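Just so you know, the sequences run in chain order Y and V. When the letters of the first sequence are read in order and numbered with the working numbering, they come out as residues 1 to 492. When the letters of the second sequence are read in order and numbered with the working numbering, they come out as residues 1 to 492.
These are computed hints drawn from the structure, not numbers from a lab. The model shown is predicted, which means the values in this text are computed figures rather than measured ones. Do not rely on the hints blindly, as some may be mistaken.
Unchecked claim - Result set (DSSO-like, lysine-lysine): computed pairs, CA atoms no more than 27 Å apart in a straight line:
| # | chain 1 | residue 1 | chain 2 | residue 2 |
| --- | --- | --- | --- | --- |
| 1 | V | Lys-169 | Y | Lys-450 |
| 2 | Y | Lys-425 | V | Lys-441 |
| 3 | V | Lys-101 | Y | Lys-450 |
Unchecked claim - Derived list of chain V stretches under chain Y, where covered just means 3 residues or more per stretch with a C-beta under 8 Å from a C-beta of chain Y:
| # | stretch |
| --- | --- |
| 4 | 54-61 |
| 5 | 131-141 |
| 6 | 144-153 |
| 7 | 395-401 |
| 8 | 442-454 |
We put the CB at the ideal spot given by N, CA and C, even for glycine.
There are 2 protein chains.
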Amino acid sequence: MSTSKSDLVAAEQPRGFADRLGATAAAEERIVNAVGAVYEQWGFERLETPAVEYTEALGKFLPDLDRPNEGVFSFMDEERWLSMRYDLTAPLARFAAQNWKDLPKPFRRWQTGPVWRNEKPGPGRFRQFVQCDADTVGSDNPASDAEIIAMAAAALEAVGVPRSGYTFKVNSRRILNGVLLGIGLEGGNAEATRLTVMRAIDKLDRLGVDGVAALLGTGRKDESGAFTEGAKLDAKNVQRVIDFVTLSTDTRAGVIAGLERIVGDNDEGRAGLKELAGIDAVLSALGIGDDRAKFDTSVVRGLEYYTGAVYEAELTLPIEENGKAVRFGSVGGGGRYDDLVARFTGERVPATGFSIGVSRLVAAQARLGLGAAAQEAPLAIVLALDGARMGDYLAMAAELRASGVRAEAYLGGSGMKAQLKYADKRNARVAVIQGGDEVAKGTVTIKDLKAGAEMSQLAGDDREAWNKAREKVQVEAPRAELVAAVQRMLAG
Amino acid sequence: MSTSKSDLVAAEQPRGFADRLGATAAAEERIVNAVGAVYEQWGFERLETPAVEYTEALGKFLPDLDRPNEGVFSFMDEERWLSMRYDLTAPLARFAAQNWKDLPKPFRRWQTGPVWRNEKPGPGRFRQFVQCDADTVGSDNPASDAEIIAMAAAALEAVGVPRSGYTFKVNSRRILNGVLLGIGLEGGNAEATRLTVMRAIDKLDRLGVDGVAALLGTGRKDESGAFTEGAKLDAKNVQRVIDFVTLSTDTRAGVIAGLERIVGDNDEGRAGLKELAGIDAVLSALGIGDDRAKFDTSVVRGLEYYTGAVYEAELTLPIEENGKAVRFGSVGGGGRYDDLVARFTGERVPATGFSIGVSRLVAAQARLGLGAAAQEAPLAIVLALDGARMGDYLAMAAELRASGVRAEAYLGGSGMKAQLKYADKRNARVAVIQGGDEVAKGTVTIKDLKAGAEMSQLAGDDREAWNKAREKVQVEAPRAELVAAVQRMLAG
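With the sequences and hints as input, model every part of the structure.
This is the structure we're talking about:
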């Protein structure tokens with residue numbers, strides 16, 4: 001294969017995709033292992049499904065409906081469209097429907113793996129990321145939502161988040177439905193008004209109470225003078241929605257009491273309240289108080305398939321962003337999706353589940369100093385000074401490994417100086433050197449690279465002091481005592 | 001979301017893709033962990049690259065050139081073609097080229113993850129499978145090939161393959177090139193003849209020595225009378241190729257001596273011989289004798305990017321297939337690909353690496369009874385007999401987990417009989433029962449499900465014996481002693 005300059009292929013990963021080397025790759029795995037161990041301990045069974053599903057099996061539940069052809073990566077098989085999974089929930093629904101007859105019911109499974117989103121890449125926004133999910137399929141009991149929330153809390157603590165450092169925000173989509181029904185927005189005719197009300201609610205953070213109230217009523221003129229038509233609710237109903245979105249979230253009991261006044265007298269609202277009360281009871285029984293799990297009616301979640309309870313995990317620990325302290329923010333979320341399996345079977349199978357964003361937790365560990373840092377075993381590198389003696393060098397590395405030391409022989413073609421530079425770049429602790437002199441004497445020289453680096457800094461350019469320091473950081477030992485000498489150095 | 005029967009989506013995974021639940025999923029992970037630990041111990045650094053690469057970065061190196069649009073799954077980004085990786089080597093070449101300046105050289109990395117092949121699915125032939133690779137990039141020293149082979153041997157032993165149960169077959173593509181040059185097949189004009197010779201060699205298993213000799217000479221008529229044109233080599237050269245393909249593989253030294261006679265006096269042949277001699281020397285220094293690594297000139301490997309040494313790991317342990325004992329066969333392979341990085345940089349970067357087929361090893365473990373079986377922790381299930389008391393049941397499960405017992409509460413809506421059936425299906429060891437009686441007495445009943453199943457078999461349909469047996473398999477304990485009682489039962 002000969003390659004002329006003009007034939008060269010660009011060496012770059014696709015936009016929005018990232019490589020991870022060494023400690024970063026290991027960090028994701030440590031988190032998945034710790035979270036998976038919690039899920040197993042709570043009785044969830046591990047599942048793996050393929051990265052690829054029939055496009056129709058995944059369905060269209062991503063938030064950005066404006067771009068119907070985007071959101072997922074899709075391609076054509078011989079005869080059918082396939083898509084890369086955008087989450088682990090849609091494939092679970094397919095799996096559960098396919099195997100429902102044979103599965104224990106409820107079916108409790110956990111799963112981890114990458115998911116893909118065909119979104120515009122941006123800073124810190126990747127098109128492949130790892131999720132770690134747990135779901136209970138076949139239970140409509142709010143206890144199963146509460147259990148998942150409590151387990152997700154245990155998972156966060158398992159990766160080093162302190163008990164005071166996170167909170168879960170819990171809501172039910174049925175509550176908002178109940179509010180909308182309570183103000184008379186029922187049926188297909190009210191669809192447009194419902195949408196206007198939901199959009200107004202969504203702007204609370206940005207516009208404040210008065211702005212939202214205007215959008216719920218006749219409409220709102222912004223600073224530029226542009227007028228946005230309102231939902232045209234009457235004053236009483238505007239107040240009802242405002243009461244709803246400004247409800248204090250201090251205690252779960254307080255939210256339930258408040259909602260009982262607001263949500264109104266309809267089946268949907270009552271079902272939502274019953275759901276929240278059930279979740280509250282079990283969370284309390286599991287010792288999860290108002291500090292760790294709040295009811296917050298502003299929580300919506302982006303995925304369309306949710307039908308009831310929705311929940312979000314937020315790290316409340318502060319990080320600095322643009323010079324001011326902000327909460328680290330969401331590290332996962334989930335909710336109840338009672339209709340997803342029915343897409344396949346026609347029969348309603350209630351389900352609920354939670355997804356931890358593994359990359360978010362890696363970032364949290366790094367930025368907040370949580371959890372144990374990756375402890376790489378110290379590395380010994382046997383230098384290769386004579387091409388005819390490669391077998392000897394590799395045999396020395398093998399001896400070291402047999403004694404439990406991580407070890408390798410240098411396999412490049414460069415001289416001693418470059419080899420020590422290589423050892424440095426590999427962050428090696430020890431270099432083993434057997435040049436002609438040592439071979440003649442039947443010895444090896446062992447160099448403590450860490451101590452060497454420290455001492456060479458200390459000694460500056462005083463040649464004599466440097467030579468003296470060097471004597472301390474390297475020892476010569478009989479070849480037969482290689483392993484013992486390296487172990488002594490690593491222990492010292 | 002309402003779904004009418006006619007709107008139902010088929011619940012099936014795409015053809016050629018598989019789900020894995022519980023022990024099977026765990027088995028793959030155990031193998032990856034064991035193999036990865038060996039790679040780390042040998043000084044290889046973990047890398048993760050995305051599942052998706054620019055199509056041109058992956059190149060076309062899969063064996064089935066007849067189907068240029070198949071082999072990989074590809075799709076269009078906004079502006080460019082992307083493909084799912086078909087192995088972990090092509091992405092490594094892209095990564096190494098992209099980061100060459102900053103990497104330690106040689107660059108030693110290991111990587112695991114799924115790869116995808118857009119092939120016609122067949123029995124036992126999957127379109128997604130997991131590989132576990134190690135590669136050394138930046139060394140043309142045959143010691144690096146030998147090291148990878150020795151490490152792959154250590155990896156096989158780490159997953160339970162006995163030392164007598166595997167062998168590596170090693171060859172160099174340069175040897176065949178040397179043979180072809182030695183019989184005068186040089187340059188573009190000889191391309192067609194070279195191809196005919198290689199196809200003839202490839203048919204040794206099927207046609208035997210005489211058939212191959214005919215194809216190397218004037219040609220061969222098969223049983224149906226159809227005539228295949230031969231390569232038209234003269235008798236001396238036919239004999240030379242036959243000597244080559246029938247070389248005894250008993251000892252590596254023997255193969256080298258034999259090849260010295262056959263391969264001829266050209267640079268390519270000499271380079272191949274030097275390569276094999278270098279590999280032999282290091283394998284011997286590492287204690288890998290002729291039993292564990294053979295030189296076998298019939299080994300070719302399918303991927304097009306190999307330029308020198310190629311190697312294959314074969315499990316020699318017998319399995320039964322169609323009533324007769326056969327070797328389990330290949331579980332991985334690799335080789336030297338000195339030109340792959342140059343596709344990006346224009347500069348030759350020699351590299352070599354090995355890929356273990358993780359699913360193949362899972363199958364080997366299962367069929368050959370190798371390695372430790374998955375040891376699932378015993379599971380305790382708290383039955384839920386009163387919907388109003390879910391918090392109590394979940395709190396009992398939480399207490400058990402806090403003491404280290406894997407535990408859950410039943411979350412479905414069925415009665416006691418169905419709950420015990422569920423516990424059975426989950427393979428639970430213990431059921432915890434607190435009905436109205438127990439609540440009144442402040443106790444819990446703990447049932448040993450395994451002993452129960454055994455005893456109920458023993459007692460047959462003798463009602464009294466059955467009742468007596470039942471007393472032995474369940475105990476009643478004060479609620480406060482739940483954890484101690486369950487632990488006693490699990491220990492007993």
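Results of checking the hints against the structure:
| no. | hint | in the structure |
| --- | --- | --- |
| 1 | Lys-169(V) with Lys-450(Y) | violated (41 Å) |
| 2 | Lys-425(Y) with Lys-441(V) | violated (68 Å) |
| 3 | Lys-101(V) with Lys-450(Y) | holds (24 Å) |
| 4 | 54-61 | holds (count 4) |
| 5 | 131-141 | holds (count 5) |
| 6 | 144-153 | holds (count 4) |
| 7 | 395-401 | holds (count 4) |
| 8 | 442-454 | violated (count 0) |
This entry does not satisfy hints 1, 2, 8, going by the numbered hints stated previously.
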